[in-house]
Amino acid sequence: MADGSDLWERIRIHDASAFEAFYRNNAGRLCAYLQQIVGSRQVAEDLMQETFIQIWKSPNGFQPELGSLRGYLFGIGRKRAAEWWRKRRVVSEERAERGDEPAKDAASLSAVADVFGRLSEEQRSILWLREVEGESYAEIATILQIPVGTVKSRLFVAREELRRMWRSSCSAARS
Amino acid sequence: MNCAEAGESVSALFDGEPISRRVMIHLLNCEGCRTRLNEYAAMSAELRDMAGAASPQAIPDGRWKLADGVAVNNWLRKWKETMRIPRFAFALMLVALFALSLSAGLFLARAKDNDRWFQYEVLGRDGKLIVRGAVPPNGEGNSYYDAGCGMTYPEGIVWFRVRMVQRVGEAETIRVRAWWVPKGDNRGNFERPEKMVERQFLYSPKEGLKIPVEGYGNLEIKGQYDSTLPETVRRGLYPEYGKFRIDPPVLLVQEKELLSKYVSGGGELSLGKSYFAYGQQDQGWYVFSAKPIQGAVEGTLTMNQIEFVLDGKQYSLFTGDPILFGRISIWVKHYTSIKDADPASPGDGWQGNEPRLAFGELENLAVEK
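Heads up: the sequence lines are chains H and Z, in that order.
Count along the first sequence from 1, then add 2; that gives the number in this note's numbering.
Count along the second sequence from 1, then add 218; that gives the number in this note's numbering.
Don't take every hint at face value.
[What the hints assert, rightly or not] Here are the simulated DSS-like cross-link-like pairs (lysine-lysine), alpha carbons at most 27 Å apart as the crow flies:
1) Z:Lys474 <-> H:Lys81
2) Z:Lys531 <-> H:Lys59
3) Z:Lys428 <-> Z:Lys474
4) Z:Lys461 <-> Z:Lys509
5) H:Lys154 <-> Z:Lys509
Simulated from the structure, these hints should not be mistaken for laboratory data.
Values in this document were obtained by computation on a predicted structure and should not be read as measured data.
Model the full structure from these sequences, guided by the hints.
Dropping the structure here:
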């Protein structure tokens with residue numbers, strides 16, 4: 003399916019079939035990306051739904067000259083995830099004051115997922131966009147709203163951090 | 219340059235970005251950074267694996283359908299009604315924008331054309347070769363020297379330092395410091411080059427650039443742009459000129475989902491005469507060739523990545539090291555069953571669904587069963 007201006011023009015005039023196709027093609031991947039940021043499948047799905055609703059209700063925010071429609075979608079999703087984190091920190095601090103245990107995702111984590119999960123939210127996000135989504139530097143820059151040069155340096159830092167933790171995790175497993 | 223300085227560029231190289239000559243030289247000599255590159259590939263494979271497992275099995279219905287819709291706007295009509303400039307002025311503006319976009323396109327085409335190696339030779343006053351080199355487009359300001367050496371003659375030594383600074387259109391900006399040390403002179407006067415004025419030349423490729431050196435005569439630089447690195451320079455990081463190299467890990471990705479990962483041995487073959495094939499019991503063979511083959515689709519090979527589309531699906535193949543330098547077209551033929559073709563007889567005992575690599579000569583490829 004095209005991810006370009008034709009599709010966008012149809013979405014702008016609220017063509018439901020066009021938006022449904024856009025949703026079907028991108029919802030799963032957006033959900034997987036958000037899950038890596040927030041760590042919870044349920045929360046990721048909620049954020050994914052909110053992201054699509056936002057675009058459906060206010061379709062004029064997309065500027066084709068600044069990147070692809072898919073990049074725009076991921077950019078909004080990422081902002082929503084960041085907002086969720088900010089709110090969650092407040093809740094976590096309140097829970098900590100009450101002595102509650104932090105919530106854990108029930109899914110069992112593989113070794114790689116475990117190491118990946120220990121990266122910062124920013125590092126998980128940029129690595130996911132590059133390695134899994136295969137986004138270009140320019141597209142990542144648009145989604146994360148940072149300069150392309152910063153994408154390059156942050157990717158390097160994230161890879162090195164993952165590599166360092168992965169190596170120590172492998173060493174620990176061997177010993 | 220050390221590993222810490224090169225690291226960011228190694229990461230960029232893994233993403234298919236160009237790297238500077240300094241980084242390339244470092245990589246050629248640094249086992250640690252080559253390991254780093256390989257580990258990036260391995261981590262990438264694991265992440266894609268993990269992503270495959272994490273993807274939702276079913277996409278829930280979109281809640282956007284329940285959201286209040288905004289009334290459908292006839293935006294074109296509204297826009298026309300609210301237009302505040304005369305129509306002819308608007309038409310002129312469109313013409314100007316069109317002209318601008320054309321010139322931008324021209325610029326982009328040239329910039330892409332820039333992605334070539336400048337290969338050069340420095341010759342002595344007698345026309346004999348002193349040094350040969352090749353530099354990629356310089357994007358980092360080039361504060362280093364591409365060549366610095368001396369040539370001994372019976373009456374003294376000519377010393378020079380040359381750097382290829384920047385490509386300007388079809389010309390190369392070259393800066394030179396060169397000096398003559400007569401026999402018996404103090405050869406240990408190393409302060410001299412630092413005090414010399416660096417001379418700048420704009421060189422048109424394939425012509426001879428004469429660089430007068432007082433007391434010596436002329437040094438001469440000859441060079442040209444080429445899309446590939448010469449065989450004499452190609453070492454280590456890139457395979458030799460005219461060859462492609464497949465180094466593990468090799469990852470096959472379909473629509474951003476990892477299909478398989480191959481981690482055993484690799485190979486290096488002639489670019490024009492050979493092919494390589496990546497196969498798996500449940501996927502069949504994917505045969506790759508730099509020359510067109512019947513029934514194949516055309517893809518692109520960029521450094522360590524091959525991208526192609528089959529049956530409307532986007533595929534990528536990643537390797538641990540660059541397959542070659544730069545970007546070329548590559549043809550991919552898919553045999554959906556391994557029984558449909560026998561690229562290079564991977565041998566007996568191919569059990570399970572472990573992927574295999576096979577190499578062979580194109581002239582022997584007509585082996586469809």
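- Item | Structure versus earlier hints, numbers of those that do not hold, lowest first | 2, 3, 5
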